[in-house]
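Asks: Now for the letters of each chain:
Protein chains: 2
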Amino acid sequence: MEVVIVGAGAVGMKTASRLRRKDPEAKITVVESGRYISFSRCGLPYFLEGKVAGLDDLRKTPYGAVRDENFFKNLKKVDVLTETKALAIDRNRKALRISKNGSEDEINYDYLVIATGTKAVRPAIPGIESERVVGLYSAEDAKKILEFVNEGAKRAVVLGGGLIGLEACEALKTLGLEVTLIEALERVAPTMLDPEMSRLVSAHLKEKGVKVLTSTRVEKIVENGTLKVYAGKEIEADFMVAVTGVKPNSELAVKSGLDVGETGGIVVNEMLQTKDEFIYAGGDCVETVNLLTGEKIFAPFGDIANKHGRIIADNILGGNSRFRGVIGTAIMKVFDFSVGVTGLTEERARNYFRVSSVLFSGFDRTHYYPGTGIVRIKLVFEEDTGRILGAQIVGNGVVDKRIDVFATAILGKMTLDDLEQLDLAYAPPYSPAIDPVITTAYVANNKLEGLFKAIRAEEVKQMLQKGEDFLIVDVRSEAEAKNFKVNLPNTINIPLTELRNRVGELPRDKLVILACPLGLRAYEASRILISEGFKNVRVLEGGLPYLLTL
Amino acid sequence: MEVVIVGAGAVGMKTASRLRRKDPEAKITVVESGRYISFSRCGLPYFLEGKVAGLDDLRKTPYGAVRDENFFKNLKKVDVLTETKALAIDRNRKALRISKNGSEDEINYDYLVIATGTKAVRPAIPGIESERVVGLYSAEDAKKILEFVNEGAKRAVVLGGGLIGLEACEALKTLGLEVTLIEALERVAPTMLDPEMSRLVSAHLKEKGVKVLTSTRVEKIVENGTLKVYAGKEIEADFMVAVTGVKPNSELAVKSGLDVGETGGIVVNEMLQTKDEFIYAGGDCVETVNLLTGEKIFAPFGDIANKHGRIIADNILGGNSRFRGVIGTAIMKVFDFSVGVTGLTEERARNYFRVSSVLFSGFDRTHYYPGTGIVRIKLVFEEDTGRILGAQIVGNGVVDKRIDVFATAILGKMTLDDLEQLDLAYAPPYSPAIDPVITTAYVANNKLEGLFKAIRAEEVKQMLQKGEDFLIVDVRSEAEAKNFKVNLPNTINIPLTELRNRVGELPRDKLVILACPLGLRAYEASRILISEGFKNVRVLEGGLPYLLTL
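Note that the protein sequences, when read in sequence, are chains U and W. For the first sequence, this note's numbering assigns the number 1 to the initial residue and increments by one for each residue that follows. For the second sequence, this note's numbering assigns the number 551 to the initial residue and increments by one for each residue that follows.
Chain U extracted, bound-state conformation (with noise of 0.2 Å):
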């Protein structure tokens, strides 16, 4: 039997690899049309900042070997074809026509696979195409961007606020540079996040003293030995890491005559074949479908790409394995903070579900541990069923845990009940005695059951806008109230445990809301104030950070 993959990424030396531990007869070929192979893209960021030695160490095994076309020739007797373009499929004669430093060749195979990955999308903008504009999708672009700063190079611009958007700032700011993060939609991680969750992590980069420019457009690019950045105001860089997102590289397919989505990705079924059934084609390259809406989308990551070259080999050899399809989990570090998501963002649950949602936040171990940090949920579920349907988490503690239990609780069809009775592990160095997923499916039932009335910042923000009569009772101890001013209107600061002992301070016929850093304390303060015949009170849900944010 003779396999042809096109693309030495993850899907197709991941296909290579098991098709010949399945099957030593086998002649794989594996065409690339790039120089490295098996090169983990991802780890691109922690090259540039320096956690990662070396561009070799990104397509290295994990014992050492550089996975070259030695390795693979050697090892798994497979050839590998590199700096050789896949041009056209002659799906009637079963071959594929190849060019390499200008002359062509014809390979035969039995079954093909098209592992050609994404291309870079970038914007019209004028100037675009300078050099000193360059992307993180390839070692090529990582070079480059060194090249930069060893020449000089003082700042920088992200164009573009998705994830390797934001890994790229945290990257670039410890390399030293100034670092302006432009994002043409109105919050960073437009997709990955809700507007509430968005602004956490805008305001982390903040922080970190990088310069955000959300609602932002780039008019144009001039260079003139830097580069001056045209985006409203005018903005001086020495160059530009242009990320604004990628689309399949579906090419090859569609001039073989195989089909393509509305996604741009190629049509495949979940054996991973595409309507030619000698033809598989798996990773970044086609369409997927989403287990919670139904629709197809375009879902290029890594552990994805991983697991279809697993299916295919399995497949072309007579299997029947198949993938079902994804939930939309993914995860970026960014600076301090983790931001994680799974599922649907309230915003596109919306479309397909009554949903409600429910933020808490708490500590990600017992407090007392050291080390303890905070995450911060958005719980995304179902109305009527308590299904859950999508979780989003930032902060600076253990997010990526919490992610994949809602990710296992989310594909197991689990509800707000389902993740009350789960039995998770807890000692203080790893959680605190009721895990965040658990207390976070409490709170939700809380708020069904009226428990409390949250009020989420956004409205908040209104009413001070619209000068409206109401009182914020910051319910912070004293120590924690001077040690940080919240500087809002219309605030008073009772901490929680005098506050039975000065509800007289607080007027019975306004609204009065309840805020504190985490909404735990809120909550209890709520509880009191209505069991002392309060009739309007909200908790600020969340907390604090969701208000100061805005």
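The set of hints was computed from the structure by calculation and includes no laboratory data. Only a predicted model underlies this, so the values are computations on that prediction, with no experimental measurement involved. One or more hints might be untrue.
What the hints assert, rightly or not - Chain W is faced by these chain U residues, among others (derived, beta-carbon under 8 Å):
| no. | residue |
| --- | --- |
| 1 | 121 |
| 2 | 326 |
| 3 | 363 |
| 4 | 433 |
Just so it is clear, CB atoms sit at the ideal spot from N, CA and C, and this is done for glycine as well.
Starting from the structure of chain U, add chain W where the hints point.
Replies: Frame of chain U, contents of chain W only:
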């Protein structure tokens, strides 16, 4: 309504707090025999080793208020009577008889909550009543241990190799003591871990300088300024920490005619009601159900106690909150290792299911990211259905995240195939492209499919002892092999990358066992040998440490 709660630990104070939040009027009284309330016993080892500054930190709220009687009185209008004994319940008259400082009194109740926790169990060893033998269950215990240390103690014996015993070893060693751990059974953490996983922990304890004596019974203890512990040999020590377990403190319930099960725990229904509808019980003093086996068990864990408190409060107020049961999740930190478990060990699962298991070892993050550690996973599943029954994880990597994902999957009744479909959060700082949870499912399915034939370390050891004729091929790189010699008989080193060219060096008539630190290269190597026509090839499952710790 008058509610009386016996016991001011996690269940008691959680019940009181939630009751108050939901019902401003209820009269709530808590009766506690000790001095402290809301004290986190789980934090004691970290206090001992200096990670937690003071004992008060273990009874503070996250915002620094000490949870003492005044705190509950002022903030929650809850009366807490400390150093007060609950003597007897008069169920007909609905009254609790109490005594404080020798004088008796009675409190009437509408609802009573028994939250009396546990009692330490000590084996009947002559001399164990010495004042130099303490537990690690209370603030007083921790204080005594620090007193010994301040008086110049240099040598400690820890009696009992369960969760608290192992945490104690780390704490005492961190305090600079010589530590000997004595466990009567043949392995440490015997109820949490199967033998091969337990051995990894033992080896780590020894690496950290703890003397580990398993299958060792103490005959007597003689005090004479210091301690002489007779346990086969004579061990001198300045003090002993005896943590041989706890049992439900159900005395009050028994005296009051309530039912106690075979586990010693108070019998309650899913609403945590005893057979007396006006008496609830929860936390460490009740028995609960294992959701996998249906068996009644005793599960004294802080997270369960907290959950119980919430449920009891809801139900006293006419709610219908349920505690379905537990699956047996637990975790502990033992020096650089985290040791986690969820569901059933293979040993226990065999009593209920036809089970199979797999060992997988891998990196917890992309191998190139700084600080990456290793997780060694044992997954137990039902042979016919692939349903996940249990997982044990040991290693210096991130264990808790994977345990929580497995725990969620078990509650969701997921199978190996479901695990393969999990959409978990990938980025280099958080996980490898394919999380170890998913890879474990892959390896299990590979094994079921016959893609590799595994051999367990125990079998190899036996064959070595019998002097059987076979060959172990260590497929590590030359550098690794030089760096760490494995010193096993019948063993040669051929790096994986050279294997294809050196197959001629291997005998075709003998059993060949392939081995490497994690098992990944051994698997790849086995596929190469099989493709070269070798008929009798095995992979040392889980990696070399399983053999080297035997």
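Asks: Are the hints correct? Go through all of them and say.
Replies: Against the structure, the hints come out as follows:
Interface hint status for residue 121/U: violated, as the beta-carbon distance to the closest one in chain W is roughly 21 Å, over 8 Å. Satisfaction of the interface hint for residue 326/U is found here, the shortest Cβ-Cβ separation to chain W being roughly 5 Å, below the 8 Å cut-off. The interface hint given for residue 363/U holds, since its Cβ lies 6 Å from the closest Cβ of chain W, which is under the 8 Å cut-off. About 5 Å separates the beta-carbon of residue 433/U from the nearest beta-carbon of chain W, less than 8 Å, and the hint is met.
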